[in-house]
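Asks: Each chain is listed here by its residues.
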Amino acid sequence: MRRMLMHAFWMLLAIPMAVSAQNVTVKGKVTDEAGAPLSSATVQVKNSNTAATTDAQGMFTITASPGSILVVSAVGFENQEGVVKGSSLNFSMVTDTKSLSEVVVTGFGGSQIRRELTGNIARVKAKDIEYLPLPSVDQALQGKAAGVFVNAQSGKLGQAVTVRVRGNSSISASSQPLYVLDGTPITTNDQSSYGGDMNPLTDLNPNDIESIEVLKDASAGAIYGARAANGVVLITTKRGKAGKTSVTFNVQTGYAEATKRLEMLNSEQYAELILEGAAYRDKLDGTPITDPNSWTAYVKGDVMDYYSYGEWSKDPKKTYDWQDVVFQRGPYQQADLQVRGGTDRTKFFTSFQHLDQTGTIVGNKLTRSTARLNLDQKANEWLDLGVSLSLSRTWNRRLPDDNAFSNPLQAIALMPMTPFKDPTTGLDAGTPPGDVNVPVYYNPLLTVKYGRFAQDVYRTFGNAYAQAKILPGLTFKTEFGLDYLSQNEESYFRSETIRNQTRAVRGVGSNLGAFVTNFNTNSYFTYKLNRKVHDLTVTAGMQYQESASKYNFTEGTDFPSNSYTKVASAATKSGGSSSQSDFRFLSYFARANYTLMDNYILALSGRIDESSRFGKNSRQGFFPAASAGWIITNEKFMRKLPVVSFLKLRTSYGIVGNAEIGNFPQLGLFAGDAGYAGNAGQRPSQLSNPDLSWETTAQLDAGLDFGILNNRITGEIDYYEKQTSGLLLSVNIPATTGFNSQVRNVGKLENKGWEFVLNTQNLVGKFKWSTNINLAMNRGKVTDIQGQIIEGGVSSMNRVEEGYNVGVFFTPEFAGVDPANGNALFYKNTKKADGTRDRTTTSVYSEAQRVVVGDPNPDLIYGFTNNFSYKGFDLSVFFNGVAGNQNNIYGMGRYSSASMLYEDNNTADQLRRWQKPGDVTDIPQVRLYRVNGSQASSRYIVDGSYMRLRNVTLGYTFSGQMLRKVKMEKARIYVSAQNLMTFTKYPYWDPEVNADSFDSNIAKGNDFYTPPQPRTFLVGININL
Amino acid sequence: MHIGKNLAAICLAGVLMTGCTKRLDIGPYQSISESAALNTEGDVLVTLIGAYDGLQSAAGYGGEIMVLNDLIGNSTNIQFTGTFAGLNDAYNGLMVSNNSFATGTWAAAYNAINRANNVLSALDKVTSSPAKKSSVEGEALFIRAAMHFELVRLYAKFVGDGDANTNPGVPIVLTPTRGITDADYRPRASVKAVYDQVIADLSKAETLLPASNGFYANKWAAAAMLSRVHLMNKNYTEAAAAANRVIGGSGRTLNLHPPLVHLHQQRRYHALRIPVRGQGHHTGRYQRHQYVLWPYHLHHSRHRRPQRL
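The listed protein sequences correspond, in order, to chains A and B. If you read the first sequence in my numbering, its first letter stands for residue 1, the second for the next number, and so on. If you read the second sequence in my numbering, its first letter stands for residue 1026, the second for the next number, and so on.
Only chain A is shown next, with the shape it has when bound in the complex:
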């Protein structure tokens, strides 16, 4: 039927034209807005394969029939069309101001032109994320979408990433957005059993993506109802296009290294500090430092000489920087092949990728191979069919979690006089048969050499759809999606790792399986009505999702030799388990978009969600939203103000939910894991709450979209308020009940913020320069937690406090050092009768009250990109940053900036310590094995703001005759650097940090020997056939 309509359309167009369809030769010139000729523009006869390219003077010659339409396309310009009337036709191209004319995906088959959008949706195009040395798509969103905060957490490969859309809108439930890939909500939660959380989005090839839409406000999100409160990320993959088959081959290679090294004490400085601490103890004891029983003698002989294999007293200057052996330069290679093409009836997109990346930390490596085929078939005039299929394998040799002695970065704790190799054996320090008690802590290199934990994930994303035109304007689409994650993890730790893996006496090995199946069906009607002044689109349908996660595990010890690494060879099968957990959602949704006279826009949407996660008394929820827009520039009175080319006011209000609360939080349960002395037992494990339901976020958004100077400057300004109530809190209950918490819908929080987007075409001539800026400010505030104490993070320093953002740092306030005696001081901060706090100081830690001293959530996030091009050259410079947040360095600080409470090497700033009465400093006196200011306090809460030169790419594109001789359309070579420079005051490795061992919704901004992000340099070539 569509074809019939199309024919009718063409016939209508053709009527005024000459009826004869004899072909004529058409000549013409293509120029830009300034009248300069445009070379390499493509001129095509619409709906045919006839095409020509303009020469250096912008001239073209093409054969076409009178009345046919020529389409001219050129990079950076909007397509222009013209009807063939005679033998000449000129085109003046208009610079592409994509942001207003681009089509934005809205979910469930919907799409809208940005000009008419009334909800808030950020869009990231393929071009912005292609060929970046980032393994997962969520990282690619960083700094590209206003109001979307991304923190990569660490430099380990394939690790989980924190993503927050418009602030943190939950405390106990997940705050990560919902990811929907081609209509199917996909598995994005951690499936690993070793190290920190892994990131299942790594299984998706980012280069397969056509666009990413982030649904930020309630109007955009309500169609995802109980699952939209954290924002929804719609990922749309590339699909075929009718026309010439395009083959793109891209290969890039380079290397990565850690963005920073930390300055630590050398051997002489270390000796100076620890001996000073020993002398302090000797003075207390009244022992002369020359006494063989003195602390000083102990430190010299039993500490520094012992842990240096006796080398220290021979050469006190010899220093080993353990960062030298745990950081490495990691090679990076990636090859992509994409083929895209089709006919009117059949369209295809297919891609292949191989990625091979070595980590910047020893022992870390990731490889990924993916293949995809997306196929669309027009079966007949009323039926369209299609499939998408992506297969991938991701193999990751993982690192331990940050809080493990085997975390390579913990080697920084080792004394600078400890040699890398044991001189008696020539092997790494601590390797048997040498003394395994040296170094002072476990040498993590032993796990790199003699242990391994490899994760092997096979992932299938599949989707099939059928779409039928039922009546004029009415279509029905049904689609079935599958996300299957099959993961195998294998480990083997040889006996050399015994000091860390206590059960590896004769080896310990394990094998773990995770199988996550995720089925989804969407079925919906879409009705479109186009009248002169009315434009209406209605969508209504249902969604059903069923997810099952199955896990198994087996472990063995006592292997015949290190040649045997599978559990089959283990004499003792020391562990085994299997488990399963499911969830299901059944949902009905509807959406209507109405436009009156192209000026006034109204949108309504709503969804009913039912889930296996909700209690019996509250199984069903309804989530409505409404939005309206007014395109002011279409009004007559605005024509007097031609400088403003586009102006739209829009506002939305709606209610969405968060259902990421675990699978059965509402049931009263017993668990069978309470065995004793070899006999099975059970225990009460969870209190019931039949009233439990989703948490509710009501969001108001008011926005202004504008275009100035013929849309050379476009932008958006948004203000939003999110009020979240019925927070799913794991409420503390008296532990005397035998339980610590019960999940309840109590508590409230809010997020308010501004977002700004500005896109400008600064120069549009031969030398082109455009700028994209996005900036967002968010203020989060917990308004009611019913007096609950909710803590997390390193030493429980993250806390949820009413009146503050989620996860603020709550700890005593450090008051510096007493110049008289070198004692660490703390502000008492006791609340006085008048409500003020007692600002007197104390050296008794337990006298100091905990107060809010910092916030891991940034006040401001931003990204800005400048794109330059001149002739064949292109340059892109992308910065992003966060400001107003703090990090907690107590994780490592308590050991390494701790006045020799332990024998750890210390950070170089500890040289500033108090030494004699009168010294004014912020580093307390060194007191060996004694606590002096190394307790948790604001001393370890530091500024986490940063601005990062995230990516710089310089490319040159070859085109023209020379390439055509070798049958190439286009070839581009480029060099690129990721994380080239970081501007920050942060004292440790990387301000963009969050220790994986402590990560939770409220525990953010912690550093615990966390590896910094890689700085990646690469060169690449992109060939288009």
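FYI, nobody ran anything at the bench for these hints, they're computed from the structure. Treat the hints loosely; a few may be bogus.
What the hints assert, rightly or not - Examples of chain A residues toward chain B, derived with CB under 10 Å:
| hint | residue |
| --- | --- |
| 1 | Lys-528 |
| 2 | Gln-580 |
| 3 | Ser-612 |
| 4 | Gly-668 |
| 5 | Leu-687 |
| 6 | Ser-688 |
| 7 | Asn-740 |
| 8 | Ser-795 |
Stated by the list, open to error - With a Cα cut of at most 16 Å, we get these calculated EDC-like pairs of lysine to aspartate or glutamate:
| hint | chain 1 | residue 1 | chain 2 | residue 2 |
| --- | --- | --- | --- | --- |
| 9 | A | Lys-550 | A | Asp-582 |
| 10 | B | Lys-1047 | A | Asp-859 |
| 11 | B | Lys-1047 | A | Asp-582 |
| 12 | A | Lys-616 | B | Asp-1050 |
Cβ coordinates follow ideal geometry from the N, Cα and C atoms, glycine included.
Could you slot chain B onto chain A? The hints should help.
Replies: Quick look at chain B alone, frame taken from chain A:
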């Protein structure tokens, strides 16, 4: 276009969109509903095993009750070095309210008490023999009493320090928890009330328990614990009497000079012994946190500690 075809399509669409609400009625796999957990004698017996599991928690008899008592009670013969701030604070007598060991042991003890109370609430399901029922009741009472005793020792003033009749002890919990009501926000009972409850539970347990019960609580374990309770309650006559019942009845002997290292391996000295499974107790090695407790004289004579745990 055929009307029939359209109708067929609409019908098909209708079928595809029909709800399947029943499919949402699913449950967990590794857990069972509390309503299905205590319906048979077998259910009660495995819950009793679970109560013993509660005892062996790392924060309970799995180690930390002993470690905390040693650290708080003995500052002259024990040297503490370690990276657990909570233990270091306990050792230095500087415990703050969020000390993780204090909250951990508190919660673990009441968790075991709740398990024992679940057993006691379903005693009527134990019908195989009166002897079995007595034993189950006695074991549950023993566990409940042992934990109340440890709590009152750690979290309240000692008997003799002020007035035990008015000094706040710890909340006494005698019923299983099903939901949370105002009644679950229990006040602290007096020190004396807690000792009275512990002595009542243990005395009853001693009469109910058999003389021999495998590695589960028996009559002599109850009497031995009772002896300790009386000792702490400064009732030395009863303490001696209970101890004598153990010595006379159990066949165990008292070792006055135990070789510390091997004591735990010599069963003939054990009246009360909690076997701790590998996964249940603290392994301080793998994580960054670690602690070492060693007799002070070892450190003083500068003997190298064998291994930094």
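Asks: Which of the stated hints cannot be reconciled with the structure, identified by number in ascending sequence?
Replies: 1, 10
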